[in-house]
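Asks: Protein chains in written order, with UniProt numbering: chain A, 1 to 308; chain B, 1 to 308; chain C, 1 to 308; chain D, 1 to 308.
One or more of the hints may lead you astray.
[Stated by the list, open to error] Mimicking EDC-like on lysine to aspartate or glutamate, the simulated pairs with C-alpha atoms at most 16 Å apart in a straight line are:
id, chain 1, residue 1, chain 2, residue 2
1, C, Lys251, B, Glu227
2, C, Lys292, C, Glu5
3, D, Lys80, A, Glu247
4, A, Lys107, D, Asp75
5, A, Lys135, A, Glu147
6, B, Lys251, C, Asp164
7, C, Lys302, C, Glu5
8, D, Lys180, C, Glu131
9, C, Lys180, D, Glu161
10, A, Lys251, D, Glu227
11, D, Lys308, A, Glu227
12, A, Lys180, B, Glu161
13, D, Lys125, D, Glu161
14, A, Lys251, D, Glu79
15, B, Lys302, C, Glu227
16, C, Lys308, B, Glu161
17, A, Lys125, A, Asp164
18, D, Lys302, A, Glu227
19, D, Lys180, C, Asp164
20, B, Lys135, B, Glu56
21, B, Lys302, B, Glu5
22, B, Lys125, B, Glu55
23, A, Lys180, B, Asp164
24, B, Lys251, C, Glu5
25, A, Lys251, A, Glu295
26, A, Lys107, A, Glu79
27, C, Lys80, B, Glu247
28, C, Lys292, C, Glu11
29, C, Lys80, C, Glu227
30, D, Lys135, D, Glu147
31, B, Lys308, C, Glu161
32, A, Lys302, A, Glu5
33, D, Lys292, D, Glu8
34, C, Lys125, C, Glu185
35, D, Lys292, D, Glu7
36, B, Lys180, A, Asp164
37, A, Lys308, D, Glu227
38, B, Lys251, B, Asp296
Since the hints were made in silico from the structure, they are not lab data.
There are 4 protein chains.
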Amino acid sequence: MKRDELEEILEANRYYIRGGKLANYIPELANANPNTLGITIAYSNGEIISVGNCEEMFTIQSISKIISLIMALQDHGHEKVFSIVGMESSGEPFNSVSELETKESHKPLNPLINAGAIAVASMIKGQNVNERFSKVCQFLYRITGNENVTLNRRVYESERETGDRNRSLAYFMKSTGVIKSDVEEALDLYFRLCSISVTCSDLAKIGLFLAMGGIGQGSQLKKVSPEIVQFVLSIMLTAGMYNQSGECMMKIGVPAKSGVSGGILAVAPNQMGIGIIGPSINDKGNSIAGLKILEDISRRYKLHLFSK
Amino acid sequence: MKRDELEEILEANRYYIRGGKLANYIPELANANPNTLGITIAYSNGEIISVGNCEEMFTIQSISKIISLIMALQDHGHEKVFSIVGMESSGEPFNSVSELETKESHKPLNPLINAGAIAVASMIKGQNVNERFSKVCQFLYRITGNENVTLNRRVYESERETGDRNRSLAYFMKSTGVIKSDVEEALDLYFRLCSISVTCSDLAKIGLFLAMGGIGQGSQLKKVSPEIVQFVLSIMLTAGMYNQSGECMMKIGVPAKSGVSGGILAVAPNQMGIGIIGPSINDKGNSIAGLKILEDISRRYKLHLFSK
Amino acid sequence: MKRDELEEILEANRYYIRGGKLANYIPELANANPNTLGITIAYSNGEIISVGNCEEMFTIQSISKIISLIMALQDHGHEKVFSIVGMESSGEPFNSVSELETKESHKPLNPLINAGAIAVASMIKGQNVNERFSKVCQFLYRITGNENVTLNRRVYESERETGDRNRSLAYFMKSTGVIKSDVEEALDLYFRLCSISVTCSDLAKIGLFLAMGGIGQGSQLKKVSPEIVQFVLSIMLTAGMYNQSGECMMKIGVPAKSGVSGGILAVAPNQMGIGIIGPSINDKGNSIAGLKILEDISRRYKLHLFSK
Amino acid sequence: MKRDELEEILEANRYYIRGGKLANYIPELANANPNTLGITIAYSNGEIISVGNCEEMFTIQSISKIISLIMALQDHGHEKVFSIVGMESSGEPFNSVSELETKESHKPLNPLINAGAIAVASMIKGQNVNERFSKVCQFLYRITGNENVTLNRRVYESERETGDRNRSLAYFMKSTGVIKSDVEEALDLYFRLCSISVTCSDLAKIGLFLAMGGIGQGSQLKKVSPEIVQFVLSIMLTAGMYNQSGECMMKIGVPAKSGVSGGILAVAPNQMGIGIIGPSINDKGNSIAGLKILEDISRRYKLHLFSK
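Just chain A, with the same shape it has in the complex (with noise of 0.2 Å):
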């Protein structure tokens, strides 16, 4: 794909940014600026192409869960992972505490929503949490070459501050067993992992990384085996994208990510990674724009899984 085309793209969906409001569950999140727009694209062959905004920092929110995911399924194997949290896609919105209690086995429904999240992060192996989030950010590093790639500490404190929705699944998952751990520190790592500072270039190449089977230059990235690869754009596919997940699935059809700070890290096996920011997001919590330019760049070059 040529620069001037990705561009076309970006400029024919720069309308949708007036559409749906910043996410202001935390108030540093509001603060951000709402015409922001950008797109990166990482290619198998080492091409990185960029449009937009694309040097402007913002919060990974969201698409943190599924590093989290990475690193609990290298630290612990999927059975261990999955007798935690569930597999299946959940209709309901990400922060739902009453479906946990409904559900038998109060477990929570998979990784991608709040309370699988805070549980996944749980597990994540370290003596303190600051070990654990400095693992997070090495493993960051090493895939994006990004030496930015560390905490907003302005979006960690509103988050910490303001979460006592996640304190409320948290506990309630202390309560039934799922989370075994201190429950604080399972929630500071959460905090801090949703408050990590990225570009539309680092999702890209987090995605080309995905893309790649999980294939990176250091040596290090060789443990993030295959199936692992295959678990987590499993999830993302079928949950990635909050209670719109199956809605993408059919108009974009690739494994996608989002978050509520607008990003949207999506993978196109083998092929490629795309980084998306735009900041406006929907009742649902995904990036308006981002969508809509995610479902031009799968339509026009054929990305849908089951496109023909």
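Given chain A, work out where chains B, C and D should sit, using these hints.
Replies: Just chains B, C and D, lined up with the frame of chain A:
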């Protein structure tokens, strides 16, 4: 009623201490003596009759919710209190989270389910938790004249350590604005209130206080208005016995409140207050022998509000 | 109570007929006159006072649920009836399906929500729907002496044609075994019972019948035992006013049952039966002016069960 | 794949026919032979390999939901169809009522849960139920070339007689406007579609038809556009295996649809269609041996969409 009639009722229902089981949701409660069985009735003429193990102390547990409600109504008036909690019975278990989520207002259904009681406790005025707790203890002392109505520290610590479900409810309410004050302080007060030691005699005296419309000996007690008593008896009648309240209204027909330690406080307006202890509880959280005893007392002495 | 006092209460609350709106869930109900307002009180001494539009007929709607319950209790006894429906208030709207599904037993929570009332109607004995319906009408005739207590055919047809939500409830209960007889017959009887025409005066007389413990003039009526009356008044108290029952207990404090046509039947035990009509209802399904009038009557004449 | 490899897979999983149990929600299904086990693969080059009991006929059950969806999409286009049913996976059992009620729009979550499938069936055009059913049968005949793809009358009658849960769902949707046509006709068609007799070979041929993007031999079949096939495969991938769909995506990774008679239809795009029968199902409604066989086929021949 003569003592031997009451003894007869107690012995006739001793059989039921075998049914059900001790509350085990906090470890300390599981150490209760399952054979304890006691009844105290405090009559409007000042007479008090006790049969069985009425000297034994047990923790007040959910019965404290009516005390909290009285205090909050005194501190804020009923409009304010019922803007925070509802007045409706629930049909759900006392510690349900999902109910909070599915109601449009996220308002706890009533002040006698855990969520509602934590919200009500968060409204009691005082400089700090110690002062608030001390205020409640003084109130109880004035009604019961029992200086031993104090904290059972082991139960309190057990509550606090294992209270993650209640923590989940409280943080959920913090996230929706139902709780406005410090969550951990509200929980701390709630756990302390549940851990107050009482006897059957204390419960009977509190019951009599309500039966007489809030008239007690001490001058300070006059502050509990007849209107507050009317509210408290009403909610006891419709929601005092967990999700068995409707059945109790049908079969027993007097305002009552139970606790998972096996205590029951019942009120026959203008006539008497009743305190019962029997630690084996059913799956709703009510003392099995206690319910049978209360039904017998109600039937034999025509206490049912609609008896002929 | 003198007539002019009652007229004063009526006029003082006429303002409230502007609030709320007419029931529109069946087309025929939306044709009611929103300005209708009437009160009848039938006293234990035989006196009857009516003020306002007490000659106007309206359909009994949900108030028929207490008549069905009486008939089923007479036909089967309370153990059988309450093995089919529960005794607990619900906190949910009257036509909830999900509640049926999430309760373990799939048993309707109580006989006064739609599901429970349909199940109860399915238990009334009789060769066919005609015979069962005629049995109910004769029962009402004996209490009210009003030969016009008959089917409003247009409302009945409207109910039947638009009763798909009730059909859904009924087939659900058929699938779980709660309804054992023919579903369409049970629904047909239920729709007919809701479509019986009554006046305020009829409601007041039914109320008085219950207030006096089931004692009426006709010899056949002696069959309604005091125990049945006790059950019916109890469930009216905890669940008679839809999911506003707890609030009504607090503020009004007498057993009552409302219908979406704007009728309210209330009972002051040993004293009086009250019938009120005011077609504008709130979002819970209760007459707005009717509630205000009942609250005034209760306050001025100290009918609240816990009034001092 | 050679025949002996497929036989090996079949024998390796024969053990699993002992797990689970026959569907018993309609009496007729409980009469199936639990020892039946069969696999057919239809390759893109025209080759067909069958092993085990592939001559046995069984009813298509929920697999018919994808046929209904194709017909409705042809008759109305995807915008109309997906204004009536959603695209999201559910996490709930296939026959949930409560889910319908709690979603704001009362829209069935997707076309593959019972509610959604009944709504979709109600959209298929035709003068009457006979004509609509005949249209579906002709469509199947053109794909499979099997004249025996017709109604199993005994299963149909069993479905119709015991289909009260589905009736409940349908009347609920009538009450909310999701179903606009005659409810009993919609149900009748739905019951007939579930009762169509097929073999593994038929399923494999339908699978191949989808695998090749809707290209079949008959000229009429060209009407199924690649876009429709893309929609159908997408929803199969996210919601085709009841509330085990996420797990199947992770472990198997191809679009598939199961039925409670124990049939599974799977699609490897551009490569093959797979039909499997094994009547013992798990608590989610999926053939236990069938799942194991499909997982083995997927693993050995790298069919998983994200396999390396």
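Asks: Would you mind marking each hint as holding or not holding in the structure?
Replies: Now the hints, each set against the structure:
Between C:Lys251 and B:Glu227, the direct Cα distance comes to roughly 10 Å. Compliance with the 16 Å bound is thereby established for this hinted pair. Simply put, C:Lys292 and C:Glu5 have alpha-carbon atoms about 15 Å apart, close enough for the 16 Å limit, and the pair holds. For the proposed pair D:Lys80 and A:Glu247, the alpha carbon gap of about 15 Å is at most 16 Å, so the pair holds. With a C-alpha separation of about 41 Å, the suggested pairing of A:Lys107 with D:Asp75 is violated against the 16 Å cut-off.
For the proposed pair A:Lys135 and A:Glu147, the alpha carbon gap of about 14 Å is at most 16 Å, so the pair holds. For the given pair, B:Lys251 sits about 35 Å from C:Asp164 by alpha-carbon distance, which is inconsistent with the 16 Å threshold. Between C:Lys302 and C:Glu5, the direct Cα distance comes to roughly 14 Å. Compliance with the 16 Å bound is thereby established for this hinted pair. Straight-line distance between C-alpha atoms of D:Lys180 and C:Glu131 comes to about 34 Å, which puts the hinted pair past the 16 Å bound.
Of the pairs offered as hints, the one joining C:Lys180 and D:Glu161 holds, with about 14 Å between alpha carbons and a cut-off of 16 Å not exceeded. Simply put, A:Lys251 and D:Glu227 have alpha-carbon atoms about 10 Å apart, close enough for the 16 Å limit, and the pair holds. The straight-line distance between the Cα atoms of D:Lys308 and A:Glu227 is roughly 9 Å, inside the 16 Å bound, and the hint therefore holds. Between A:Lys180 and B:Glu161 the CA atoms are separated by roughly 14 Å; this keeps the pair inside 16 Å, and the hint holds.
Simply put, D:Lys125 and D:Glu161 have alpha-carbon atoms about 25 Å apart, too far for the 16 Å limit, and the pair is violated. As the CA atoms of A:Lys251 and D:Glu79 are separated by approximately 12 Å, the hinted pair is consistent with the 16 Å bound. Distance check on the hinted pair: B:Lys302 and C:Glu227 sit about 12 Å apart at the alpha-carbon level, within 16 Å; holds. Note on C:Lys308 and B:Glu161: the hinted pairing is violated, with a Cα-Cα distance of about 43 Å set against a maximum of 16 Å.
Distance hint between A:Lys125 and A:Asp164 is unfulfilled; the C-alpha atoms sit about 25 Å from each other, more than 16 Å. Between the alpha carbons of D:Lys302 and A:Glu227 the distance comes to roughly 12 Å, so the proposed pair stays at or under 16 Å and holds. At roughly 12 Å between alpha-carbon atoms, D:Lys180 and C:Asp164 fall within 16 Å of each other, so this suggested pair holds. Restraint check for B:Lys135 and B:Glu56: not satisfied, since their Cα atoms lie roughly 24 Å apart, outside the 16 Å limit.
About 14 Å separates the Cα atoms of B:Lys302 and B:Glu5, which keeps this hinted pair within 16 Å; it holds. Straight-line distance between C-alpha atoms of B:Lys125 and B:Glu55 comes to about 33 Å, which puts the hinted pair past the 16 Å bound. For the proposed pair A:Lys180 and B:Asp164, the alpha carbon gap of about 12 Å is at most 16 Å, so the pair holds. Distance restraint check for B:Lys251 and C:Glu5: the Cα-Cα separation of roughly 37 Å exceeds the 16 Å cut-off, and the hinted pair is therefore not satisfied.
Taking the CA atoms of A:Lys251 and A:Glu295, the gap is near 7 Å; set against the 16 Å cutoff, the hint holds. Using a Cα cut-off of 16 Å, the hinted pair A:Lys107 and A:Glu79 holds, with the two alpha carbons roughly 14 Å apart. For the proposed pair C:Lys80 and B:Glu247, the alpha carbon gap of about 15 Å is at most 16 Å, so the pair holds. Taking the CA atoms of C:Lys292 and C:Glu11, the gap is near 11 Å; set against the 16 Å cutoff, the hint holds.
Between the alpha carbons of C:Lys80 and C:Glu227 the distance comes to roughly 15 Å, so the proposed pair stays at or under 16 Å and holds. Our distance criterion of 16 Å between C-alpha atoms is met by D:Lys135 and D:Glu147, whose separation comes to about 14 Å. With a CA separation close to 43 Å, the supplied pair B:Lys308 and C:Glu161 exceeds the 16 Å bound. For a cut-off of 16 Å, the pair hint linking A:Lys302 to A:Glu5 stands: about 14 Å separates their Cα positions.
Taking the CA atoms of D:Lys292 and D:Glu8, the gap is about 13 Å. The hint holds against a cut of 16 Å. Of the supplied pair hints, the one linking C:Lys125 and C:Glu185 holds, its CA atoms being roughly 12 Å apart against a limit of 16 Å. Taking the CA atoms of D:Lys292 and D:Glu7, the gap is near 14 Å; set against the 16 Å cutoff, the hint holds. A threshold of 16 Å between alpha carbons decides the hint, and for B:Lys180 with A:Asp164 the separation of about 12 Å falls inside it, so the pair holds.
Annotation: proposed proximity of A:Lys308 to D:Glu227 holds, straight-line Cα distance about 9 Å (limit 16 Å). Distance check on the hinted pair: B:Lys251 and B:Asp296 sit about 10 Å apart at the alpha-carbon level, within 16 Å; holds.
This entry does not satisfy hints 4, 6, 8, 13, 16, 17, 20, 22, 24, 31, going by the numbered hints stated previously.
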